[in-house]
Amino acid sequence: MRDEKYAHNDKYLLSALCKGDREAFDCIFRKYYVDVVMFCGRFMNRIEDSEDIAQSIFLHIWDMREVLPVITNFKSYLLKSAQNMCINELHRREKERRYSSEQLVRIQPYVLGEDINKMLFYSELKKLIASAEASLDKKEWDVWRLSRHAGLKYSEIAAILGISVRAVEDRMQRAKRHFLKILDQYWAIATLFLTFLQT
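According to numbering that gives the first Met the number 0, the sequence shown holds residues 0 to 198 in order.
Simulated from the structure, these hints should not be mistaken for lab results.
Owing to the predicted nature of the structure, the values given are computational and were not obtained by experimental measurement.
Glycine included, each C-beta is placed from N, C-alpha and C at the ideal position.
Treat the hints loosely; a few may be bogus.
Claimed, not checked - Restraint-style ranges between C-beta atoms, simulated for each label pair:
(1) Lys175 with Glu47: 24 to 34 Å
(2) Arg45 with Gly19: 30 to 40 Å
(3) Lys175 with Phe28: 41 to 51 Å
(4) Arg165 with Asp62: 18 to 28 Å
(5) Arg173 with Trp61: 37 to 47 Å
(6) Val164 with Val69: 10 to 20 Å
(7) Lys175 with Asp62: 24 to 34 Å
(8) Asn87 with Lys137: 43 to 53 Å
(9) Leu179 with Lys30: 24 to 34 Å
(10) Cys17 with Ser134: 48 to 58 Å
(11) Ser163 with Ser130: 24 to 34 Å
(12) Ser130 with Arg92: 19 to 29 Å
(13) Ser55 with Ser75: 15 to 25 Å
Claimed, not checked - Under the rule of at most 27 Å between Cα atoms (straight-line distance), these lysine-lysine pairs were calculated in the DSS-like manner:
(14) Lys18 with Lys94
(15) Lys30 with Lys18
(16) Lys126 with Lys138
(17) Lys138 with Lys94
Generate the whole structure from the sequences, applying the supplied hints.
As structure tokens, this is what we get:
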């Protein structure tokens, strides 16, 4: 940019950005884009998703340049924005996945022949799973939903929750034991039903 001596001074760059200086914005983008993408990679499965979120953040900053708040640590501000956007995106996907699962439970019995017994079984199984999830303690539920509903890896869950991968594994094992204990009473029925479906 024109004043090279200020090119790495965030305070100067932000001041210029607020006045609509495109060079200042480009300098900020080049300086922090890779950092933001890499940070998003701790939450998102695909590099494309991380890049999309990073680009959205910088686009938002440009759009809001005239009303940006006072920012003392711009990198921390960027990473916090990235974290919030990643979590919001994961929550959105989880809701979509839950909706799709509910739709599948509704239509699956009809696909299998509109048999009323099958429909009742799936309905009861859905209730049982929901009950098992509701009775998990908060720590186990957080790990379970991020793994089973959001489809995240243990390392990604650990980064989101701020715990070790080993802690994630332990909580997941406790959650699985909890589910097996509740489902055990229905295990024989489920086995018979699955055998029936295969005939």
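| Hint check, failures only | The structure breaks hints 4, 6, 7, 8, 9 and 14; every other hint is satisfied.
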